[in-house]
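2 protein chains.
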Amino acid sequence: MDIRTNYNSNNYTIHVGHSIFETYINYYTSKYNDVFYLIDEYVFDLYKEMFLTFENVIKVPRGESFKDIYHVMDTIDFLLSNEIKRNSLIVVIGGGATGDAGAFLSSILLRGTDYIHVPTTLLSHDSSIGGKTAINRPLGKNLVGTFYRPKGVIYDLNFLETLSNEELLSGFGEVVKHAMLNNKNTVNHLIEVTKNKINLKELEPFIISGIKTKMYYVTVDETESNLRRSLNLGHTLGHALEYEYKLKHGHAIILGLLFTLFLSNKILDTQFDLNYYKKYFNTIGYNISYLYDLAEDNLINLMSVDKKNSVSNMINFVLLKDYGVPVFKGIEKIKLKKYLKEFQELI
Amino acid sequence: MDIRTNYNSNNYTIHVGHSIFETYINYYTSKYNDVFYLIDEYVFDLYKEMFLTFENVIKVPRGESFKDIYHVMDTIDFLLSNEIKRNSLIVVIGGGATGDAGAFLSSILLRGTDYIHVPTTLLSHDSSIGGKTAINRPLGKNLVGTFYRPKGVIYDLNFLETLSNEELLSGFGEVVKHAMLNNKNTVNHLIEVTKNKINLKELEPFIISGIKTKMYYVTVDETESNLRRSLNLGHTLGHALEYEYKLKHGHAIILGLLFTLFLSNKILDTQFDLNYYKKYFNTIGYNISYLYDLAEDNLINLMSVDKKNSVSNMINFVLLKDYGVPVFKGIEKIKLKKYLKEFQELI
Numbered sequence: 001m002d003i004r005t006n007y008n009s010n011n012y013t014i015h016v017g018h019s020i021f022e023t024y025i026n027y028y029t030s031k032y033n034d035v036f037y038l039i040d041e042y043v044f045d046l047y048k049e050m051f052l053t054f055e056n057v058i059k060v061p062r063g064e065s066f067k068d069i070y071h072v073m074d075t076i077d078f079l080l081s082n083e084i085k086r087n088s089l090i091v092v093i094g095g096g097a098t099g100d101a102g103a104f105l106s107s108i109l110l111r112g113t114d115y116i117h118v119p120t121t122l123l124s125h126d127s128s129i130g131g132k133t134a135i136n137r138p139l140g141k142n143l144v145g146t147f148y149r150p151k152g153v154i155y156d157l158n159f160l161e162t163l164s165n166e167e168l169l170s171g172f173g174e175v176v177k178h179a180m181l182n183n184k185n186t187v188n189h190l191i192e193v194t195k196n197k198i199n200l201k202e203l204e205p206f207i208i209s210g211i212k213t214k215m216y217y218v219t220v221d222e223t224e225s226n227l228r229r230s231l232n233l234g235h236t237l238g239h240a241l242e243y244e245y246k247l248k249h250g251h252a253i254i255l256g257l258l259f260t261l262f263l264s265n266k267i268l269d270t271q272f273d274l275n276y277y278k279k280y281f282n283t284i285g286y287n288i289s290y291l292y293d294l295a296e297d298n299l300i301n302l303m304s305v306d307k308k309n310s311v312s313n314m315i316n317f318v319l320l321k322d323y324g325v326p327v328f329k330g331i332e333k334i335k336l337k338k339y340l341k342e343f344q345e346l347i
Numbered sequence: 001m002d003i004r005t006n007y008n009s010n011n012y013t014i015h016v017g018h019s020i021f022e023t024y025i026n027y028y029t030s031k032y033n034d035v036f037y038l039i040d041e042y043v044f045d046l047y048k049e050m051f052l053t054f055e056n057v058i059k060v061p062r063g064e065s066f067k068d069i070y071h072v073m074d075t076i077d078f079l080l081s082n083e084i085k086r087n088s089l090i091v092v093i094g095g096g097a098t099g100d101a102g103a104f105l106s107s108i109l110l111r112g113t114d115y116i117h118v119p120t121t122l123l124s125h126d127s128s129i130g131g132k133t134a135i136n137r138p139l140g141k142n143l144v145g146t147f148y149r150p151k152g153v154i155y156d157l158n159f160l161e162t163l164s165n166e167e168l169l170s171g172f173g174e175v176v177k178h179a180m181l182n183n184k185n186t187v188n189h190l191i192e193v194t195k196n197k198i199n200l201k202e203l204e205p206f207i208i209s210g211i212k213t214k215m216y217y218v219t220v221d222e223t224e225s226n227l228r229r230s231l232n233l234g235h236t237l238g239h240a241l242e243y244e245y246k247l248k249h250g251h252a253i254i255l256g257l258l259f260t261l262f263l264s265n266k267i268l269d270t271q272f273d274l275n276y277y278k279k280y281f282n283t284i285g286y287n288i289s290y291l292y293d294l295a296e297d298n299l300i301n302l303m304s305v306d307k308k309n310s311v312s313n314m315i316n317f318v319l320l321k322d323y324g325v326p327v328f329k330g331i332e333k334i335k336l337k338k339y340l341k342e343f344q345e346l347i
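Protein chains in written order, with the UniProt record's numbering: chain V, 1 to 347; chain A, 1 to 347.
Chain V on its own, in the form it takes in the complex (with noise of 0.2 Å):
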């Protein structure tokens, strides 16, 4: 299945299906003179074979790791040793943190290299799509980063055949929030098709109605002033989990998902049932316990870098009125504070 952006210019197309790589491989490539790969290492591991009549392969660190500005300035480097120029093409193989940091290394080279995006997990079909790209500081994630879009995007599933189940789970959570932004009848389905297990086959449909959610909220705002903001949902506290407890993306977006539900219980009145979802995440395979002995300073001082955030002593967080409604809302550090504590009690 192809889905197309609709920005006024530059669009470009998801690729979405099974055994479809090879085809678009072909087809991007075939209109550069100089093509360079960047491959996730673990990924290179996993699927030699495939990428065996490559030239200018570069593996790159795993994961995350990847996302670091001397990572970053060394393949830069390499790139140009080999004679990368402008109108060459960059192709980033990997989950979403190798597709966030290949991203921004082709935003910058030379001011601006063609790429294209072939996601290999299931988190990394959210991030490809939107055209942001992100290192992480020291300070926290995401803190340096550009809005570049890509000229395609190649989502084979059958890369997420190989993914482990805790990889399965770290980018389910990005399919929870997708469901929770679209309506109660996608939320209710979800659910009730993973509710012992995440079945990848199942999944599919979720991922697919996850791609256009998101595209709907990247191409009327792409540059996040307004309304993509609610792609934030869950992200502010769970982007400071992550840090402080260096856990995987999607499990940390479950957890900032959940508090998310218990603030729109307390600000805007609704009756999420906090304890229904707790179970149901515990059930599949998350941690709830790091949500026991919170370090709310640590975590407070985390979420105030946050890019959302406009004045000084105010967090901003996307709250839920109802699924599929979200609402902004500014949170005062204190108050905040005085809400962890209680969630932590309740949950």
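One or more hints might be untrue.
Which copy? The list can't say, so a pair holds if one copy fits it or any two copies do.
Distance condition first, Cα-Cα at most 20 Å in a straight line; then the derived EDC-like pairs of lysine to aspartate or glutamate [said to hold, decoys possible]:
{"id": "1", "residue 1": "K201", "residue 2": "D2"}
{"id": "2", "residue 1": "K248", "residue 2": "E41"}
{"id": "3", "residue 1": "K333", "residue 2": "E83"}
{"id": "4", "residue 1": "K337", "residue 2": "E83"}
{"id": "5", "residue 1": "K341", "residue 2": "D293"}
{"id": "6", "residue 1": "K248", "residue 2": "D68"}
{"id": "7", "residue 1": "K333", "residue 2": "D34"}
It is worth saying that the hints were derived from the structure and are not from the lab.
Given chain V's structure and the hints, the job is docking chain A onto it.
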């Protein structure tokens, strides 16, 4: 005088004049809650009293030494620890190098923070227009960067009064280039008023007309896929000389322009009077002797990493069919070496 860009959106104004700094700084900063000033340490020392009332002043390494990823990242971390937000304003005060690096920093911090340019040299009036940002890499100048427009440019000509003759010469290269891209009359007139010495007062109309020439090119072709490449006149060899012999930018450009005229005579059958230009440049203070013993292979290697190249064994030049008539020409490396040798003998 105000000159405004003419893009479809995100336009900005270049304010040019004497004693305009304070007025326009107040105008821009009043729109933001938080303002951070990145000031070249040398400029800061010269104009301390002007900056007394500013909070959040960060002195950055002088000139080209700031165009380094490690300095940029240190500065980013410092800004983050001082709680800079995506809706803060960064004011970049300094010469062309400070502007390149400060704008690059702004473009990647929190995926893009607003900034304004306050150029303080003759050269920086040029680099502050057009939205190009850059830092250097070991393999060459400006190999990493972005396209990212400022919110405004405040070009207070009073800053130029403290420039040494050496610094004036460094900026004058771009003034000559803009004149050559304009027409024969501008060139003749420029040489007439500067034939013995560069006089700041006399230069002002050329600065204004240079801004307009540049504005024309960067508006019709922002990302340099076509016509904007004309602005690279003299820069192909110029950048390589600058890097190889650690020359000031404008000095290197003057030498690069001489080579451009030589190449145009060779390849396009023009009749530019090399000897006349050589004497003129010599008289006003440029050191031509660098051209007598060039390290051709090093220079060709440096030129081959230039962003404007698209094929491996060719190097792209901008030549002049006539004043105001730039022509793009790819030259094979092997031929280029021959031309470089011939040029040294002739000059």
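Verification of the hints:
{"no.": "1", "hint": "K201 <-> D2", "result": "within (19 Å within a copy, 61 Å between copies)"}
{"no.": "2", "hint": "K248 <-> E41", "result": "within (18 Å within a copy, 42 Å between copies)"}
{"no.": "3", "hint": "K333 <-> E83", "result": "between (50 Å within a copy, 14 Å between copies)"}
{"no.": "4", "hint": "K337 <-> E83", "result": "between (52 Å within a copy, 19 Å between copies)"}
{"no.": "5", "hint": "K341 <-> D293", "result": "within (9 Å within a copy, 73 Å between copies)"}
{"no.": "6", "hint": "K248 <-> D68", "result": "within (17 Å within a copy, 32 Å between copies)"}
{"no.": "7", "hint": "K333 <-> D34", "result": "between (51 Å within a copy, 19 Å between copies)"}
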